[in-house]
Amino acid sequence: MKYMLLINAGAVDENGGAADCDVQDWLAYDKEVRDAGIMVSGEQLADLVTATAVRVGEDGKRTVTDGPFAETREVLGGFYVIDVPDLDAALDWAARCPGARGTGSIVVRPVAEFEG
Amino acid sequence: MGERAAGSPIPEKLPVASVEAVFREEHGRLLAALVRRFGDLDLAEEVTSEAIEAALEHWPVDGVPPRPGAWLMTTARRKAVDRLRRDRTFAARLAVLRVEAERSEPVPAAEVEGGLPDERLQLFFTCAHPALPAEDRGALMLRCLAGLGTPEVARAFLVPAATMAKRIVRAKKKIQQARIPFRVPDAGELPDRLPGVLQAVYSIFTEGYAASSGPDLQRLDLAEEAIRLARILRRLLPEEREVAGLLGLMLLIHARREARTGPDGELVLLDEQDRGRWDRTMIEEGLRLVPVALTGGQPGPYGVQAAIAALHDEAADLATTDWPQVVALYDVLLALEPSPVVALNRAAAVAMRDGPEAGLALLDELAEEPRLRGYSPYSTARADLLSRLDRHAEAAAAYREALELAGTEPERAHLRRRLAALDQPGS
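Those protein sequence lines, which keep their order, are chains A and B. Note that the numbering used here gives residue 63 to position 83 of the first sequence, counting from 1, and the numbers run on in steps of one. Every number in the numbering used here is 219 more than the matching position in the second sequence, counting from 1.
Everything labelled a hint here was simulated from the structure, so no lab data went into it. For glycine and all other residues, C-beta sits at the position ideal for the given N, C-alpha and C. One thing to keep in mind: the hints can contain errors.
In silico negatives: residues of chain B with every beta carbon more than 12 Å from chain A [unchecked claim]:
| hint | residue |
| --- | --- |
| 1 | SER268 |
| 2 | TRP497 |
| 3 | LEU581 |
DMTMM-like mimics (lysine to aspartate or glutamate), calculated; alpha carbons at most 20 Å apart, straight line [to be verified]:
| hint | chain 1 | residue 1 | chain 2 | residue 2 |
| --- | --- | --- | --- | --- |
| 4 | B | LYS393 | A | ASP68 |
| 5 | B | LYS393 | B | GLU264 |
| 6 | B | LYS392 | A | ASP68 |
| 7 | A | LYS11 | A | GLU23 |
| 8 | B | LYS393 | A | ASP66 |
| 9 | A | LYS(-18) | A | ASP68 |
| 10 | B | LYS393 | A | ASP72 |
| 11 | B | LYS393 | A | ASP63 |
| 12 | A | LYS11 | A | GLU93 |
| 13 | B | LYS391 | A | GLU23 |
| 14 | B | LYS391 | A | GLU93 |
| 15 | A | LYS(-18) | A | ASP66 |
| 16 | A | LYS11 | A | ASP72 |
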């Protein structure tokens, strides 16, 4: 079963990285996920200041604005999609992710399955 | 019901109510075994009720089969396979294959002896999974393990049936779609996961012990259901001392149920209870569990609370209660679980040991605790101590504050009586 781990960074330091972990931690985690054979996909998102939001109103008019609308302090910094047997396994992998430390959090979302 | 083996025969021509009691015992076990086989809680629930309905129809006519539990299991399994055969999805076809493969395997030993393998432990951990909303965990346990219908569960938690139905559907959907596994955590995870299970059972009990709202102070059926669940857990996890602690705690509290309310359903506090009405058998059973909970390593919070309850139950009256020991146990509890409510109870025990002045000083230190603001027992405790110190005007103000905050009518009636007693000359 596929799960998406949404990596929400908490307080971001001046280099744009999440607090409480460094690049080495991320590289190590990424290697673990790949070595375990559960990796489906994953990306790190570019800095938040590069984000652009698009909305289409009822009149069909497109509105483009700077940044996400999120009022929360946490921002989506990247994601993994992993394939593991159940939620407990997904939660274990989420707990090992450096992004779960400090003020960050990982939201685990099962990917909807359609079977025929 | 207790230890009734699934295979022992039910005497024939039992009144329907007793047959239903038997089914209640089998329900959780049956459901757990079916969930394990089919991995689908909804399907398992449907065929469990269908099998019980079939039994209610056939047994009065054909007689009770020699192994009722196995009969129910076979019937339920057959119904599940029928349903899955009609279902054309890939998952259903897989489930059928799995069951058919199982049939060619040797029957597990437990089943040969007439019992069913007990898979309820897995269901306990699934119902209390931390990924589920805390308020739904107790409800799911009552629904799945105690076999209560959704309207009964709704009544237990004092919410409309439609609301409870929605919550249960939502929780079951999460179990299925997020694939919360049906499994017992391994030894390494158990210390993290067991407290959640115990908490869910205890929350059912406390809702029964002191309903948070509504006309009645106690809901004995609910408290008994919680005790029954804890007994099952104790059988399934005999080595876990906190399970013994929780069961002991609930028994030692529940033993006082008859004395806790007066003739008109009003609250009777510990100091005024007729201790002759306490359930001695239940106290004895609870007392036997306390040393189990406290022996071998650091005790857990339920074991310590059970020990405190035991000291109350053993005392002949309030004055001869071993208050120094009670205070010492509250110190241990406070170290384990620092909480303002525990601190409040400790202050009340200190007042009994060292006098009202000492207790009041501790209570006043807690005045700024956000969790005690708007908490009626805090105001009540202050009022009681002020009244013992003959500070009547302040006591009256505190009682009035508690009166506004109290959730149930019996509590309010009790507070009104204390308030009235203050006005009596010479009180």
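Against the structure, the hints come out as follows:
1. Distance check on SER268 (chain B): its Cβ is at least 26 Å (rounded) from any Cβ of chain A, clearing the 12 Å threshold; non-interface status holds.
2. Every CB of chain A is more than 12 Å from the CB of TRP497 (chain B) (nearest about 43 Å), matching its label as outside the interface.
3. For LEU581 (chain B), the shortest C-beta to C-beta distance to chain A comes to about 36 Å, beyond the 12 Å cut-off, and the non-interface label holds.
4. Only pairs whose Cα atoms come within 20 Å are accepted, and LYS393 (chain B) paired with ASP68 (chain A) is accepted, the gap being roughly 13 Å.
5. The suggested pairing of LYS393 (chain B) with GLU264 (chain B) holds, with an alpha-carbon distance near 16 Å, which does not exceed 20 Å.
6. At roughly 16 Å between alpha-carbon atoms, LYS392 (chain B) and ASP68 (chain A) fall within 20 Å of each other, so this suggested pair holds.
7. This hinted pair checks out: LYS11 (chain A) and GLU23 (chain A) have alpha carbons roughly 14 Å apart, not beyond 20 Å.
8. With a CA separation close to 12 Å, the supplied pair LYS393 (chain B) and ASP66 (chain A) stays within the 20 Å bound.
9. The straight-line distance between the Cα atoms of LYS(-18) (chain A) and ASP68 (chain A) is roughly 12 Å, inside the 20 Å bound, and the hint therefore holds.
10. Straight-line distance between C-alpha atoms of LYS393 (chain B) and ASP72 (chain A) comes to about 18 Å, which keeps the hinted pair within the 20 Å bound.
11. Annotation: proposed proximity of LYS393 (chain B) to ASP63 (chain A) holds, straight-line Cα distance about 18 Å (limit 20 Å).
12. Pair hint LYS11 (chain A) plus GLU93 (chain A) does not hold up; C-alpha atoms about 27 Å apart against a cutoff of 20 Å.
13. Taking the CA atoms of LYS391 (chain B) and GLU23 (chain A), the gap is about 32 Å. The hint is violated against a cut of 20 Å.
14. For the proposed pair LYS391 (chain B) and GLU93 (chain A), the alpha carbon gap of about 17 Å is at most 20 Å, so the pair holds.
15. Restraint check for LYS(-18) (chain A) and ASP66 (chain A): the C-alpha separation of about 9 Å stays at or below 20 Å, so the hint holds.
16. Proposed proximity of LYS11 (chain A) and ASP72 (chain A) is supported: the alpha carbons are some 16 Å apart, at most 20 Å.
In summary, the structure is inconsistent with hints 12, 13 from the numbered list given earlier, while agreeing with the others.
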